[in-house]
Amino acid sequence: MKNSINTKRFIEKLQESAFTYTLISIIIGFIVGAIALLIAGYNPIESYGKLFGVIFRSTKNISYSFIEYSVPYILTGLSVAFAFKTGVFNIGAEGQYVMGSVAAMLVGAFVKAPAYIHIPLCIIAALAAGALWGGLVGFLKIRFGAHEVLCMIMFNWIAYYFSNFIVNLDGVNVGGGKTWSVPIADTAKITISDWLPGLSPKAHFGVFIALICVVVIYYIINRTTLGFKLKAVGFNRSAAEYAGINANGSVLTALSISGMLASLAGALQVMGVTYKVSQFAGQEGYGFQGITVALIGGTNPFGVLLGAEFFGAMKFGGTRFDAPSEIVDIIMGCIVLCIAISSLLRMMISSNKKNKGGV
Amino acid sequence: MKKIAALMLALVLAIAAIGCSAPADQNQDNTPANDNKEPYRVAMVTDTGGINDQSFNASAWAGLQRAQEELGCEVKYFESKTDADYAPNLETAVDEGYDLILCIGFLMADTLKEVAANYPDQTFAIVDNSSVGDNVIGVNFATEQCSYLVGVAAATMTQTNNVGFVIGMVSPVMNTFGYGFYAGVRDTNPDCQIQCYNANSFGDAAGGKAATINMYTNGADVVYHAAGATGLGVIEAGKEQGKLVIGVDQDQSSLAPEAVLTSAVKRVDNGVFALCKDGVEGTLKPGSDVNYDITSGAVDVAPTDTLMSDECKAAVAAAKEKILSGEIKVPATTEAFDAAYGSDYYTLDD
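As given, the protein sequences belong to chains S and C, one line each in that order. Heads up: the first sequence is residues 1 to 359, going by our numbering. Heads up: the second sequence is residues 1001 to 1350, going by our numbering.
FYI, nobody ran anything at the bench for these hints, they're computed from the structure. Errors might be hidden in some of the hints.
Computed cross-link-like contacts, DSS-like style, restricted to lysine-lysine with a CA-CA straight-line distance of at most 30 Å [unchecked claim]: (1) Lys1313/C with Lys1243/C; (2) Lys112/S with Lys1113/C; (3) Lys1081/C with Lys50/S; (4) Lys1329/C with Lys178/S; (5) Lys231/S with Lys141/S; (6) Lys1320/C with Lys1239/C; (7) Lys1277/C with Lys1076/C; (8) Lys1076/C with Lys50/S.
Covered stretches of chain C (chain S as the covering partner; in silico rule of three or more C-beta atoms under 8 Å from a C-beta of chain S) [stated by the list, open to error]: (9) 1044–1053; (10) 1066–1079; (11) 1086–1093; (12) 1194–1202.
No residue lacks a Cβ here, since even glycine has one placed at the ideal position from N, Cα and C.
All chains, full assembly: derive it from the sequences and hints.
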């Protein structure tokens, strides 16, 4: 008897938790992906089998999926999630990411220092660039009332062309008609696969930095006055101001921290994986996909971590199974759509519960 | 809730049922003609343009698909979205044991050099770059020749004595498009002006469109692009303004039949197919370069000529004859071009 009550409570809890809806959304995403596969003439079961087969085939592939491919998404996802908590939609993570990668590349290539100084220096430069890039939008919003979403979209393009400009400068460009920058010095590289040969060749300890960020951001949001202020402004700006919270200051702080997280992603990618910045052929999308990750993670830092690991693995597997990689984009799009309408689902389920009565 | 659950269950079952019935047909389709021999397995890795760029990567994939049909090769592609994808894509291809791994585009040269050094027994090939290792084949195309031919076409078709050229990126390989085009225009119509624009991107269709509209406003009436997906914007502009454009890499007239005069076709597919054929026959020479030019059909003008005047068709055909016979040698390097036309004419390479 007691058991059945526990089960009932468990089910009730399950129905209320965001995690359930995320899981349902993921399942729906895969079902829609399967339909798309069928239409494209692939056997969905076989294809999904291959997708997960590729992801888990070897320690190298696991390392690719859950370290190399996921780290940037953890951080851009955190960046977007953190901004969401404070009521700001950070669609500018893309540009902040780019500014971080450029800053890290410049310091990594042109400063000479031993590794224990060089690596922190690169990261600090990137954080400064990201804080500046995010904060600048905050400044425009506070000072001139410019809408942050429009500003950020434009700032993304400014960062994009700024990066292309830097990469093509004499001295920064590697020369010989090539379209990328000089490589960073060995002392600025954070790759760890030399010591751990089972991993993918570019696995880097940025994954630990990302994990630390998850914990720190969780702590800031839930356990500090700063987090409380930011959330208060996010929930209701006027009420927060009435309560004596400096709303403008909060927005500026939130956007700066958000910018730092995204720029850190760019820095780690340069220091761990690419070692250089290439001229873009198109926006790379790490920042935009951070939005997807933040939504999958329910804007909770640990949710973002899971979401990023899932997303990174899907990105890695998605271009390596037999069907077109767009399938993964379709799946991800559906998941985000379902999560976005999950409040509707929740309403349907809870009204259903009421109709039954007595539960 | 029950209804939703039931619906989902039904969907899953339906998919499972259809899914289980499919493999039988698929296996039949995929079986190559010669059952006894192991099929020759080729993988290609795209650059950041992606497999659906309707240009370079798509053309290479078409070549591989032809190799699958005619030579019984087993083929697969790995798509790169960012720089960071190159190495993992190459590594995955190596893991899956392909006989030949083909890199599309010079953007991958550095990464390929590193990866190829780690796997000395694996054969690689790279399109549009010279060989970067003892196990790498460099696959090149004489793109200056087809660019020359469309230059001839542009110079005969222009009413305003003013044509345009949009380039996706300035590099020695990309400049061959410019050298050929500028040479073709100058040889045919010495009074014709050329406006040029460096988009600095292969993915910026909006920028390509804006630049092309600007060229039309400044008097151009034919614009040639060598800019990948940026060129889709060039074609869009021609369609909108009712002026002519010239496509690149593939016959792009299907994108805007009323605007695309012709296309400088770089038959990457023919080159890739020839490479696969050599691979099947075992005559590949890793560590060296192969160069495909107009004599082997690897570069040409597109077959579509509905918008060309008779004079234009004749001029292009005559120029083609002269290149084939060796009477015209189209310059492919800065030195050769500057020697023939002066260093002030083509300025993108400065």
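Quick rundown of the hints versus the structure:
Between lysine 1313/C and lysine 1243/C the alpha-carbon distance is near 19 Å, which keeps this suggested pair within the 30 Å criterion. A distance of roughly 26 Å separates the Cα atoms of lysine 112/S and lysine 1113/C; the hinted pair therefore holds under the 30 Å criterion. Annotation: proposed proximity of lysine 1081/C to lysine 50/S holds, straight-line Cα distance about 20 Å (limit 30 Å). Proposed proximity of lysine 1329/C and lysine 178/S is supported: the alpha carbons are some 27 Å apart, at most 30 Å.
Between lysine 231/S and lysine 141/S the CA atoms are separated by roughly 18 Å; this keeps the pair inside 30 Å, and the hint holds. With a CA separation close to 28 Å, the supplied pair lysine 1320/C and lysine 1239/C stays within the 30 Å bound. A C-alpha spacing of about 16 Å is found between lysine 1277/C and lysine 1076/C, which places the hinted pair at or below 30 Å, so the restraint holds. Our distance criterion of 30 Å between C-alpha atoms is met by lysine 1076/C and lysine 50/S, whose separation comes to about 14 Å.
Given a C-beta distance limit of less than 8 Å, the hint that chain S covers the stretch 1044–1053 of chain C holds, as 4 residues qualify and 3 suffice. Counting residues of the stretch 1066–1079 of chain C whose CB lies closer than 8 Å to any CB of chain S gives 3, which reaches the minimum of 3, so the coverage claim holds. Counting residues of the stretch 1086–1093 of chain C whose CB lies closer than 8 Å to any CB of chain S gives 5, so the stated coverage by that chain holds, three being the minimum. A count of 3 residues in the stretch 1194–1202 of chain C with a Cβ less than 8 Å from any Cβ of chain S is obtained; the coverage claim is therefore met, three being the minimum.
Against the hints set out earlier in the document, no violation occurs for any number.
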